[in-house]
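Visitor: Model the placement of chain B on the given structure of chain A, informed by the hints.
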Amino acid sequence: MPHTKTYKLPYIALTLVLFLCFFANISLGSVSIPFQDIFNGLIGSSTANESWQHIIHEYRLPKAFTAIIVGSGLGVSGLLMQTLFRNPLAGPFVLGITSGSSLGVALVIMGASFFGGAFAGILVSKWSIVIAASLGSFTVLLFVLVISNKVRDTMAILIIGLMFGSITTATVSVLSYFSSAEELQQYIFWGFGSIGNLTWDELFVFFIIYSIGILMSLTSIKALNTLLLGENYAKSLGLNIKTSRLLIIIATSLLAGTITAFAGPIVFIGLAIPHMTRQIFNTSNHKVLLPAVFLFGAIVMLICDSIAQLPSSDLTLPINAITSLIGAPVIIWLLVRKRKMIF
Amino acid sequence: MRFLTFLIICSTLLSSCKEEKKEATISINKPEAIKETISYAKGFSISNHKGYKKLVVNSAWPNSNKTFTYLLVNKGEKRPEHDANAKIIEIPIKTLVAVSTTNIPTLEYLGVDNSLIGFPNTKYICAEKTRARVDNGDIKELGNDLELNIELLLELKPDLVLGFSVNGINKKLDQIEKLGIPVALDGAWTEQHPLGRAEWIKFIAAFYNKEEKADSIFKAIETNYLKAKEVAKTTAKKPIVMSGSSFKDVWNVPGGKSFIAKYFEDANADYLWKDNNNNGSLQLNFENVLEKAQNAEFWVGSGNFDSKKEMLNEHKGYAFFNAYKNNHVYTYTKRKGAKGGLLYYELGTLRPDLILKDLIKIVHPELLNDYETFFFKRLE
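Respectively, the protein sequence lines represent chains A and B. Sequential numbering from 1 applies to the first sequence in the UniProt record's numbering. Sequential numbering from 1 applies to the second sequence in the UniProt record's numbering.
In short, the hints are calculated from the structure, not lab data. Since the model is a prediction, treat every value here as computed from it, not as a measurement. Heads up, the beta-carbon is just placed ideally off N, CA and C, and yes, glycines get one too. Just to be clear, a hint being listed does not mean it is correct.
On the chain A side, residues computed to face chain B include the following (Cβ under 8 Å) [claimed, not checked]:
| no. | residue |
| --- | --- |
| 1 | Gly29 |
| 2 | Ser30 |
| 3 | Ser51 |
| 4 | His54 |
| 5 | Ile55 |
| 6 | Tyr59 |
| 7 | Leu107 |
| 8 | Ser128 |
| 9 | Glu183 |
| 10 | Tyr187 |
| 11 | Gly196 |
| 12 | Thr199 |
| 13 | Ile212 |
| 14 | Leu315 |
| 15 | Thr316 |
Excised from the complex, chain A in its bound form (with noise of 0.2 Å):
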């Protein structure tokens, strides 16, 4: 494997790509801001116009930083889960994670219809969208722990959360079938997924469990790297599997679950974006993958934010929609250029 002190330029190249494509995406929205007024609400003395401030300071900040969480996390978390099942198609939907969350916010958002009253009442708050996606996730989490631990296959365990997904799929189509309009509605924007509905104090909560899942799996880079040469190999080098599974499992939910609960379900940047990485640094060492993949995913994350945003026009596009349109032809022509997959 190669030494990591090799990857210092792209490192450093990445870096600033970062800081370059973060003010890119504060300086680009609906409104046409002048750069030195950009320049000036960002150190925070005063702008031409009031109101520049305002869109500064609490829109656009806080959406680039989302931006970043959102893109690296799912980036990691991908990572991840590519490694530990050691399957390219991996990535954080494919635990059914994702769908669990997509369950808890349909049954908020749409249970009333189904239920009856009786669930309108509770967990109408700010805060109640983001806690049922999170209990969603964790309890498919604990249901996943609970399988990982009596199936020794992790091959199984990818089986039985694509079923989880299916499983919940249908619960919210039985769900949405006798919703009214306002409240499929609201569902499917929730599906969408958005990074500019967070404030301040919301985004400090997201940015505490996102920094959690982010230690958890820097402390795995060693056992994802023996995890590479396969189960039975990986034990014969001492590598206490059942730990090390359940840590990057834990990992990966933490990072998924968070940032689906609180930007929706963001798709495609964790399944591309470790394939986009492996193809630039051709290594499969997470020592060197993980901090890319980090960088990676929170500049193609800020890219695709600002595309959604469209420039100078009213409109903003739903931001999975541009992860996926622009991220799924780069995918296609790196393969063809390089002509196999680097797993």
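Guide: Just chain B now, with coordinates in the frame of chain A:
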């Protein structure tokens, strides 16, 4: 023709509220000058206090157990002491962002439609005066009502955002409030009595110090409604009425305690689901409805259809109903806005008197000889 009708209605209403000029003398310091009577609406209350008005909304969405308190303080006056949950709003507001088309006729009737500076999905707006302001660019398009464009909203910085919530979950409105723009929730649509819905004009008027005007507009609507109700009572006939339509196997029928059922009652019609206790809508299956309603005389409010043929394309089973066979299907698609929005959805909340008269004309045509339905038409 539509504009003419609109003018006629407006002038009838305004002729009954000539004391418009008195508005200037309304002072918040003289509480006795403002009426606090809410007769039909159950979802909100207004009370006058020294130096401020207190608006309490206790039914912002169905079965809500949360109350919202808004303290309306005249600009420049001292803010009253208040608990953390009450929100202070400076009045009279000069600029407004609304999200529901039902607010637009209210603003026009109150003569404050010029304050509307932003609206999501402006294409649904029917009212011609406001439509013209949209076309002029005086009203900014803000995207979708669930995903209001926050940047544009922050730039507009309206004095108030008049929102609504389906179930108390509305992150966008919470966010707007956090960003320092006051939000008030309109719960008119949760009222069970048609006049209760219209009475929310007093809620909106409070933000503009236009209570007296709202009061007289509402009185005119109420008088009109009650008069029509009396006329309907003069006949002994009680035709059987069905309602709703099927969408993908689920037939949505107004519940027996819903405001639609109230309309049928006041129109002296025998609504098939009147004994039901639901105040929203019922989800029934086709067989269920067919068995009960096959012989109903009238089918009123069958959805957004424009013709019987269109209905049949949606569901072949509609043809089994007697009301369908006998050409007695009526629905509220008579008037549409320039971009296809239905006027019924926009103006219906404020003008229950017109809806009631339409229904009476449909089920007892002999009672209102020279009246022509306003919202409803017979499907051919």
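Visitor: Would you mind marking each hint as holding or not holding in the structure?
Guide: Here is what the structure says about each hint:
1. Gly29: holds, 5 Å
2. Ser30: Holds, about 4 Å.
3. Ser51: Result: holds, 5 Å to nearest chain B Cβ.
4. His54: holds, 5 Å
5. Ile55: holds, 5 Å
6. Tyr59: holds, 5 Å
7. Leu107: Since the shortest Cβ distance to chain B is 12 Å, the answer is violated.
8. Ser128: Hint holds; A:Ser128 Cβ to chain B Cβ min 6 Å, cut 8 Å.
9. Glu183: Hint on A:Glu183: holds, closest Cβ of chain B at ~6 Å, below 8 Å.
10. Tyr187: Since the shortest Cβ distance to chain B is 10 Å, the answer is violated.
11. Gly196: With a closest approach of 6 Å, the A:Gly196 hint holds.
12. Thr199: holds, 5 Å
13. Ile212: violated, 24 Å
14. Leu315: Constraint on A:Leu315 satisfied, holds at 7 Å.
15. Thr316: Constraint on A:Thr316 satisfied, holds at 6 Å.
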